[in-house]
Amino acid sequence: MNINKLFRSIESSGFIAELSVASDFRTLMNGIKSKHKIKELFDLIDENNELSVELFVRAVGLAREQVDDRYLNRWDIPLTIYLWMVDLFNKNLSKFLAIVIDDIKNCFWANKLARYIKTSNEIESESAGVLLDVPIELIEKIEEYFENNIKNEQQLKNYVTYNNIDAYEEIYYPIFFNDLFWDKGIILKPGKINFHATGDAEERLDLLDEKENGIDISTQDYGVFA
Amino acid sequence: MDENRLLIGGGSESDRRSIPLSTKKGEFIPNEKRLEKNPSQLKASEQIHKKSYSSIRLRSLTSTYNCVGMVFASRRVWVDTGVISQILKDDEYKRISADEVQVGDIVLYRNWDPTVYSHIGIVIEREKPGSASIEDMIVLSKWGQDGEYLHRLNDVSPMLGQAVEFWSEKKSF
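Read top to bottom, the protein sequences are chains C and B. For what it's worth, my numbering labels the leading residue of the first sequence as 1, then goes sequentially. For what it's worth, my numbering labels the leading residue of the second sequence as 227, then goes sequentially.
Treat each hint with caution, since some may be false.
[Said to hold, decoys possible] Over 12 Å on every C-beta distance to chain C, these chain B residues come out as not near it, computed from the model: (1) His275; (2) Asp331; (3) Phe399.
[Stated by the list, open to error] Lysine-lysine pairs mimicking BS3-like chemistry, simulated, CA-CA at most 25 Å apart: (4) C:Lys33 - B:Lys397; (5) C:Lys35 - C:Lys91; (6) B:Lys315 - B:Lys396; (7) B:Lys396 - B:Lys354; (8) B:Lys396 - B:Lys251; (9) C:Lys39 - C:Lys5; (10) B:Lys320 - B:Lys397; (11) B:Lys250 - B:Lys320; (12) C:Lys33 - B:Lys276; (13) B:Lys259 - C:Lys118; (14) C:Lys118 - C:Lys105; (15) B:Lys269 - B:Lys320; (16) C:Lys37 - B:Lys269; (17) C:Lys105 - C:Lys91; (18) C:Lys35 - B:Lys251; (19) B:Lys396 - C:Lys37; (20) C:Lys5 - B:Lys354; (21) C:Lys35 - B:Lys397; (22) B:Lys320 - B:Lys396; (23) B:Lys269 - C:Lys105; (24) C:Lys118 - C:Lys33; (25) B:Lys250 - B:Lys396; (26) B:Lys277 - C:Lys35; (27) B:Lys259 - C:Lys105; (28) B:Lys269 - B:Lys315; (29) B:Lys354 - B:Lys251; (30) B:Lys276 - C:Lys37; (31) B:Lys250 - B:Lys354; (32) B:Lys397 - B:Lys251.
[Claimed, not checked] Which stretches of chain B does chain C cover? Using the computed rule of at least three CB atoms under 8 Å from a CB of chain C, they are: (33) 289-296; (34) 303-309; (35) 318-326; (36) 332-341; (37) 369-375.
Derived from the structure by calculation, the hints contain no laboratory data. All C-beta atoms in this analysis are idealised placements derived from N, C-alpha and C, irrespective of residue type, glycine included.
Modelling step: build the complete structure from the supplied sequences, incorporating the hints.
Here it is, written out as structure tokens:
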């Protein structure tokens with residue numbers, strides 16, 4: 001089974017229902033590990049570690065999906081699985097994913113695992129500006145993924161509208177990824193970004209420009225991190 | 227990963243998501259209020275479980291408490307299964323054999339980990355009281371974040387484990 005079919009299977013109501021009977025995290029994790037689909041996913045990524053980036057991107061997509069705030073996030077269990085799996089293969093990526101998932105208020109298991117991973121990896125507090133050292137090759141792989149997969153114009157427009165970017169001529173998809181961590185005060189080594197924007201987005205670009213090679217940043221320098 | 231470090235996580239006395247809850251000896255029981263699952267998801271889960279476990283009958287469909295919360299916290303919160311032993315001790319429960327089990331006694335389940343309980347339920351019916359067999363018991367238990375079901379003792383998801391012990395708080399003078 002290819003990785004996308006596995007994703008769909010893991011996100012299906014049936015699969016989630018089988019695992020949602022767990023009353024504690026040990027039981028949940030034991031249940032996850034006992035599933036054939038999970039073993040298949042593990043083996044796929046084990047054979048080709050680059051697939052951990054696809055897993056990461058899939059998880060980020062779920063994490064950013066609009067959900068009904070009144071209820072538990074429907075992706076709580078798949079997000080827990082993906083975060084755990086990303087953490088098995090790629091600690092650099094799991095740090096980021098943990099930050100994203102910890103920010104989702106209506107998850108339960110996934111939030112707990114995210115906090116655990118953040119604590120384990122000694123990630124600084126959410127309100128502080130931090131610069132995470134990501135290997136440039138990894139960023140390139142992620143950028144390549146977005147270039148190949150996020151080409152839907154409507155998807156891009158939705159993103160631009162959502163983020164209040166009023167005008168643009170050209171957007172390189174990596175901004176999607178960079179921006180993801182912006183609110184957390186985290187800047188990845190940004191690579192080449194070239195588009196026109198207004199308001200907050202413009203400020204962000206200036207900042208990214210100035211900090212192009214991953215130069216250290218601090219809370220004092222930029223009020224937005226306070 | 228040390229999964230034991232993830233025991234309910236928050237849920238301490240200062241956690242706003244917890245409620246005052248303690249054992250008879252006054253020890254605080256960590257607990258957490260939890261969001262409701264989307265009703266359509268709850269319904270879908272119910273249908274899936276009913277296909278897999280023929281004897282189950284739904285009593286209530288909500289995700290705001292778990293099996294331990296159902297038995298020890300009046301269906302208000304989630305309580306980690308890791309604290310069951312402490313509650314049994316502090317609340318002066320006594321382990322009993324299958325033939326002693328009466329309606330109202332509790333049943334404990336274990337799955338992969340032999341050192342901790344994975345599930346708990348209340349015996350609500352015995353077709354053959356006093357029998358050493360356990361096949362006649364009907365249990366009420368809460369299945370994680372899904373429904374509260376009446377079911378045959380071991381007609382539960384493998385994740386919940388198998389019934390291993392019976393305990394009772396009953397007293398007679």
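Outcome of the hint check:
A beta-carbon of chain C comes within 12 Å of the beta-carbon of His275 of chain B; the shortest separation is about 7 Å. The non-interface label for Asp331 of chain B is consistent with chain C: the shortest C-beta to C-beta separation is roughly 19 Å, beyond 12 Å. Under the 12 Å C-beta cut-off, the non-interface status given to Phe399 of chain B relative to chain C holds; the minimum distance is some 35 Å. The hinted pair formed by Lys33 of chain C and Lys397 of chain B fails the criterion: a straight-line CA distance of about 42 Å is larger than 25 Å.
Between Lys35 of chain C and Lys91 of chain C, the direct Cα distance comes to roughly 23 Å. Compliance with the 25 Å bound is thereby established for this hinted pair. Distance check on the hinted pair: Lys315 of chain B and Lys396 of chain B sit about 14 Å apart at the alpha-carbon level, within 25 Å; holds. About 20 Å separates the Cα atoms of Lys396 of chain B and Lys354 of chain B, which keeps this hinted pair within 25 Å; it holds. Simply put, Lys396 of chain B and Lys251 of chain B have alpha-carbon atoms about 17 Å apart, close enough for the 25 Å limit, and the pair holds.
Straight-line distance between C-alpha atoms of Lys39 of chain C and Lys5 of chain C comes to about 14 Å, which keeps the hinted pair within the 25 Å bound. For the proposed pair Lys320 of chain B and Lys397 of chain B, the alpha carbon gap of about 10 Å is at most 25 Å, so the pair holds. About 14 Å separates the Cα atoms of Lys250 of chain B and Lys320 of chain B, which keeps this hinted pair within 25 Å; it holds. Proximity of Lys33 of chain C to Lys276 of chain B is assessed by CA-CA distance (about 24 Å); at most 25 Å being required, the pair is judged to hold.
For the hint pairing Lys259 of chain B with Lys118 of chain C, the CA-to-CA distance comes to about 23 Å; that is within 25 Å, so the pair holds. With a C-alpha separation of about 16 Å, the suggested pairing of Lys118 of chain C with Lys105 of chain C holds against the 25 Å cut-off. Pair hint Lys269 of chain B plus Lys320 of chain B does not hold up; C-alpha atoms about 37 Å apart against a cutoff of 25 Å. With a CA separation close to 24 Å, the supplied pair Lys37 of chain C and Lys269 of chain B stays within the 25 Å bound.
In summary, the hint linking Lys105 of chain C to Lys91 of chain C is supported, as the alpha carbons are separated by about 23 Å, within the 25 Å threshold. A C-alpha spacing of about 41 Å is found between Lys35 of chain C and Lys251 of chain B, which places the hinted pair above 25 Å, so the restraint is violated. Proximity of Lys396 of chain B to Lys37 of chain C is assessed by CA-CA distance (about 45 Å); at most 25 Å being required, the pair is judged violated. Of the supplied pair hints, the one linking Lys5 of chain C and Lys354 of chain B is violated, its CA atoms being roughly 49 Å apart against a limit of 25 Å.
For the given pair, Lys35 of chain C sits about 43 Å from Lys397 of chain B by alpha-carbon distance, which is inconsistent with the 25 Å threshold. In summary, the hint linking Lys320 of chain B to Lys396 of chain B is supported, as the alpha carbons are separated by about 8 Å, within the 25 Å threshold. At most 25 Å may separate the alpha-carbon atoms for a hinted pair to count; Lys269 of chain B and Lys105 of chain C meet this at roughly 23 Å. Between the alpha carbons of Lys118 of chain C and Lys33 of chain C the distance comes to roughly 22 Å, so the proposed pair stays at or under 25 Å and holds.
Taking the CA atoms of Lys250 of chain B and Lys396 of chain B, the gap is about 15 Å. The hint holds against a cut of 25 Å. For a cut-off of 25 Å, the pair hint linking Lys277 of chain B to Lys35 of chain C stands: about 19 Å separates their Cα positions. Distance check on the hinted pair: Lys259 of chain B and Lys105 of chain C sit about 13 Å apart at the alpha-carbon level, within 25 Å; holds. Between Lys269 of chain B and Lys315 of chain B the CA atoms are separated by roughly 37 Å; this puts the pair beyond 25 Å, and the hint is violated.
Of the supplied pair hints, the one linking Lys354 of chain B and Lys251 of chain B is violated, its CA atoms being roughly 35 Å apart against a limit of 25 Å. Only pairs whose Cα atoms come within 25 Å are accepted, and Lys276 of chain B paired with Lys37 of chain C is accepted, the gap being roughly 22 Å. Restraint check: the Cα-Cα separation between Lys250 of chain B and Lys354 of chain B comes to about 32 Å, which exceeds 25 Å; the hinted pair is violated. For the hint linking Lys397 of chain B to Lys251 of chain B, the alpha-carbon distance of about 17 Å falls within 25 Å, and the restraint holds.
Counting residues of the segment 289-296 of chain B whose beta-carbon sits less than 8 Å from any beta-carbon of chain C gives 4, enough to reach three: the coverage restraint holds. Using a Cβ-Cβ cut-off of 8 Å, 4 residues of the segment 303-309 of chain B lie near chain C, which meets the minimum of three, so the contact claim holds. Under a criterion of three residues with beta carbons nearer than 8 Å to beta carbons of chain C, the stated coverage of the segment 318-326 of chain B fails, only 0 such residues being counted. Only when three residues or more bring their CB closer than 8 Å to a CB of chain C does the claim for the segment 332-341 of chain B stand; here the count is 3, and the claim holds.
Coverage of the segment 369-375 of chain B by chain C holds in this model, with 4 residues showing a Cβ closer than 8 Å to a Cβ of that chain against a need of three.
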